[in-house]
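Visitor: So you can see what is in the structure, the chains are spelled out below.
2 protein chains.
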Amino acid sequence: MRVLSRVVVKVPTKITIAGEHAVVYGVPAVAAAIPRFILITMSLRSDNRIVVETQGLYARLSRVALDRSSDSVESLASEDDARRALSYVTTALRLCEEFLGVGERGYDVYIESDLPASIGLGTSAAISVGTIAGCLKLRGGDPEEYRVRVAELGWRTELEVQGAASPMDTFTTALGGIRYIDPGAGSVDRIATWIAPAKPIPLVVGYTPRRGTTAELVAKVRRLRSSAPQLFDRVMEVIGDIANAIRRAIEVGDLELLGRLVTVNHGLLEALGVVDREHSLIIHSLLEAGALGAKTSGAGSGGAFLAIAPSADKAGEIAIVAKGLGATVVATGIYPRGFSVEGQRPRPRPRSSLS
Amino acid sequence: MRVLSRVVVKVPTKITIAGEHAVVYGVPAVAAAIPRFILITMSLRSDNRIVVETQGLYARLSRVALDRSSDSVESLASEDDARRALSYVTTALRLCEEFLGVGERGYDVYIESDLPASIGLGTSAAISVGTIAGCLKLRGGDPEEYRVRVAELGWRTELEVQGAASPMDTFTTALGGIRYIDPGAGSVDRIATWIAPAKPIPLVVGYTPRRGTTAELVAKVRRLRSSAPQLFDRVMEVIGDIANAIRRAIEVGDLELLGRLVTVNHGLLEALGVVDREHSLIIHSLLEAGALGAKTSGAGSGGAFLAIAPSADKAGEIAIVAKGLGATVVATGIYPRGFSVEGQRPRPRPRSSLS
Numbered sequence: 001m002r003v004l005s006r007v008v009v010k011v012p013t014k015i016t017i018a019g020e021h022a023v024v025y026g027v028p029a030v031a032a033a034i035p036r037f038i039l040i041t042m043s044l045r046s047d048n049r050i051v052v053e054t055q056g057l058y059a060r061l062s063r064v065a066l067d068r069s070s071d072s073v074e075s076l077a078s079e080d081d082a083r084r085a086l087s088y089v090t091t092a093l094r095l096c097e098e099f100l101g102v103g104e105r106g107y108d109v110y111i112e113s114d115l116p117a118s119i120g121l122g123t124s125a126a127i128s129v130g131t132i133a134g135c136l137k138l139r140g141g142d143p144e145e146y147r148v149r150v151a152e153l154g155w156r157t158e159l160e161v162q163g164a165a166s167p168m169d170t171f172t173t174a175l176g177g178i179r180y181i182d183p184g185a186g187s188v189d190r191i192a193t194w195i196a197p198a199k200p201i202p203l204v205v206g207y208t209p210r211r212g213t214t215a216e217l218v219a220k221v222r223r224l225r226s227s228a229p230q231l232f233d234r235v236m237e238v239i240g241d242i243a244n245a246i247r248r249a250i251e252v253g254d255l256e257l258l259g260r261l262v263t264v265n266h267g268l269l270e271a272l273g274v275v276d277r278e279h280s281l282i283i284h285s286l287l288e289a290g291a292l293g294a295k296t297s298g299a300g301s302g303g304a305f306l307a308i309a310p311s312a313d314k315a316g317e318i319a320i321v322a323k324g325l326g327a328t329v330v331a332t333g334i335y336p337r338g339f340s341v342e343g344q345r346p347r348p349r350p351r352s353s354l355s
Numbered sequence: 001m002r003v004l005s006r007v008v009v010k011v012p013t014k015i016t017i018a019g020e021h022a023v024v025y026g027v028p029a030v031a032a033a034i035p036r037f038i039l040i041t042m043s044l045r046s047d048n049r050i051v052v053e054t055q056g057l058y059a060r061l062s063r064v065a066l067d068r069s070s071d072s073v074e075s076l077a078s079e080d081d082a083r084r085a086l087s088y089v090t091t092a093l094r095l096c097e098e099f100l101g102v103g104e105r106g107y108d109v110y111i112e113s114d115l116p117a118s119i120g121l122g123t124s125a126a127i128s129v130g131t132i133a134g135c136l137k138l139r140g141g142d143p144e145e146y147r148v149r150v151a152e153l154g155w156r157t158e159l160e161v162q163g164a165a166s167p168m169d170t171f172t173t174a175l176g177g178i179r180y181i182d183p184g185a186g187s188v189d190r191i192a193t194w195i196a197p198a199k200p201i202p203l204v205v206g207y208t209p210r211r212g213t214t215a216e217l218v219a220k221v222r223r224l225r226s227s228a229p230q231l232f233d234r235v236m237e238v239i240g241d242i243a244n245a246i247r248r249a250i251e252v253g254d255l256e257l258l259g260r261l262v263t264v265n266h267g268l269l270e271a272l273g274v275v276d277r278e279h280s281l282i283i284h285s286l287l288e289a290g291a292l293g294a295k296t297s298g299a300g301s302g303g304a305f306l307a308i309a310p311s312a313d314k315a316g317e318i319a320i321v322a323k324g325l326g327a328t329v330v331a332t333g334i335y336p337r338g339f340s341v342e343g344q345r346p347r348p349r350p351r352s353s354l355s
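Going line by line, the protein sequences match chains A and B. No gaps in the numbering here: position 205 of the first sequence is 205 in our numbering, and each next residue is one more. No gaps in the numbering here: position 144 of the second sequence is 144 in our numbering, and each next residue is one more.
Derived by calculation from the structure, the hints in this document are not laboratory data. Among the clues, some could well be false.
Identical copies look the same in the list; a pair holds intra-copy or inter-copy alike.
To be verified - Calculated cross-link-like contacts (lysine-lysine; reagent style DSS-like; alpha-carbon spacing at most 27 Å):
| hint | residue 1 | residue 2 |
| --- | --- | --- |
| 1 | K10 | K220 |
| 2 | K220 | K314 |
| 3 | K199 | K314 |
| 4 | K199 | K10 |
Required output: the full structure, derived from the provided sequences and hints.
Guide: Structure (structure tokens):
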């Protein structure tokens with residue numbers, strides 16, 4: 001295989017259809033890739049530096065470099081922010097090199113995304129997966145042939161950077177389509193199973209600004225668990241049941257049932273206390289506007305939400321209502337594929353690197 | 001015992017703390033009497049007519065009479081409305097007479113209430129219980145000595161008029177305090193158990209106008225049951241678990257846990273699809289205003305709601321927020337007793353009866 005000097009990786013983001021929070025406690029979840037992408041352009045450098053440029057992703061950060069020999073960071077933003085942004089990229093590159101058994105190199109990594117981070121659409125997973133895929137391609141591997149391995153390395157990237165991570169985001173953005181994630185499955189290959197949808201799902205995906213952090217919300221859920229452990233376990237089991245029922249509804253193409261189940265899952269997120277007032281208003285309004293179901297998606301307190309529409313036309317109307325309520329709509333459908341890698345890039349090259 | 005010519009029965013209304021909808025499917029529920037009363041003034045007539053005057057309860061109906069001999073209704077409102085209003089009173093009177101083994105008589109029944117019907121505060125149960133109690137007193141019984149029997153006859157009244165009814169409302173308004181209702185209990189005496197609260201509960205009870213009927217909401221819940229029966233059963237079990245956990249939280253005086261559990265129950269009502277947008281906004285706002293927990297109470301789509309406050313002072317603030325959002329606040333505490341019966345009435349007699 002030809003080793004390329006520059007690659008462009010296009011990675012879909014994702015929406016959680018069922019099981020956020022509960023997947024942390026080992027029950028199954030359902031997620032889908034959506035046609036809103038993160039583009040990562042990568043090339044090898046002649047020195048040992050990792051230079052990351054971002055556009056539109058982190059408002060405060062546009063350019064940061066890590067010297068791998070001295071472990072020193074140059075950044076226009078604060079060093080903490082820089083290290084956080086860099087951490088996914090540098091960890092992914094190291095795991096890629098270790099996997100291939102090749103030596104340390106320098107890289108230019110240019111990340112384009114118009115989605116904010118931490119809203120539940122899997123942007124950090126997409127960056128991890130995309131960096132792994134781009135590195136494999138640059139260093140002589142074939143990432144599209146070994147998608148599950150890319151997903152696994154992306155997951156390990158998130159695990160190392162965050163300390164804890166569900167495989168949901170990395171597997172869904174790497175493999176695409178609608179995915180059933182079973183954290184209790186014995187093998188990595190079986191963690192994310194493709195769900196064969198009996199018919200297209202008119203899905204509306206949007207978001208509002210996040211209030212608070214994912215860590216705060218996970219801690220809030222943990223407090224509920226410690227104050228009522230048995231009840232909490234039952235609620236987790238019910239959320240797992242919903243994920244399983246949603247899988248079956250998608251497989252048989254029962255959109256109405258899918259909608260109902262999605263709304264039931266939303267109620268359980270309300271029960272966990274992670275839905276904010278603005279989302280509550282939006283979810284109820286989308287249901288009044290004709291959605292078959294709607295829910296908060298992701299960690300909560302703002303961030304992503306989704307609605308199931310009875311038809312593609314109706315999805316357009318529901319999207320208009322969501323925008324009217326101040327939300328940003330990012331997708332009205334599911335993306336059937338995972339990441340893709342191109343050896344050539346049709347656009348102008350990113351700005352020249354540091355130094 | 002002296003047979004009185006006129007009695008006044010004061011019946012508290014009630015709020016469901018946990019388990020509405022689920023109690024229909026046999027799981028336990030918790031309810032409390034609240035210090036907002038229905039007054040029923042009753043006297044025997046010399047003829048065989050039941051004359052019901054209402055003040056403030058049914059906007060369209062102020063006065064209606066049933067001739068028990070001819071079964072004909074005279075009313076200022078439509079006959080259907082009249083029969084519905086009369087039906088609780090006439091059924092209760094018949095059950096009272098049958099229970100005592102006494103003959104049919106005519107009655108004047110004057111009902112005062114400033115609460116609308118069908119908002120989940122148990123007004124029809126209070127009318128049933130109050131009519132039973134007043135009839136027993138007028139016909140020589142001792143209703144306050146046999147409260148459980150009054151509750152049971154009130155429940156039978158609701159069963160006959162509505163076709164189906166949980167014992168929750170009639171037992172709670174008859175017996176007072178905080179009640180644990182177990183529809184699966186073997187004996188009537190054990191259906192409603194008094195919960196000994198370890199400390200006073202600063203409770204805020206309010207309501208918004210109802211949209212749709214209880215029957216429509218019960219049917220909506222039944223549709224969810226038929227589309228996902230196993231999941232539905234699990235949700236019902238979880239609601240039963242919440243009711244049991246709430247009972248324990250009240251018994252040990254853990255207000256914070258009580259609040260959390262109440263909010264979890266609200267989430268499950270959202271899951272059942274019976275919470276409307278206005279309630280959702282109010283519940284979230286009361287939580288932001290410092291409530292330890294808040295929930296829709298009763299059948300849903302508007303109607304009653306409650307919040308648990310950390311203190312009596314804070315309950316006042318939360319009530320102000322609820323009013324600011326357009327709700328009517330009806331109580332800020334729990335009423336420890338059930339109905340009471342007086343032989344004399346301190347106020348002027350109601351207007352003279354028909355004909």
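Visitor: Under a CA distance limit of 27 Å, which applies to K199 and K10: within one copy, between copies, both, or neither?
Guide: For K199 and K10, only the intra-copy Cα distance (26 Å) is at most 27 Å; the inter-copy one is 60 Å.
Visitor: Using 27 Å as the alpha carbon limit, work out where K199 and K314 are close: within a copy, between copies, both or neither.
Guide: Within one copy only: 16 Å inside a chain, 52 Å across chains, cut-off 27 Å.
Visitor: Is the C-alpha distance from K10 to K220 at most 27 Å within one copy, between copies, in both cases, or in neither?
Guide: neither (35 Å within a copy, 44 Å between copies)
Visitor: Between K220 and K314, at a C-alpha cutoff of 27 Å, which is it: within one copy, between copies, both, or neither?
Guide: Classified as between: cross-chain Cα gap 23 Å, same-chain 36 Å, threshold 27 Å.
Hint compliance for this structure: hint 1 is the single one not met.
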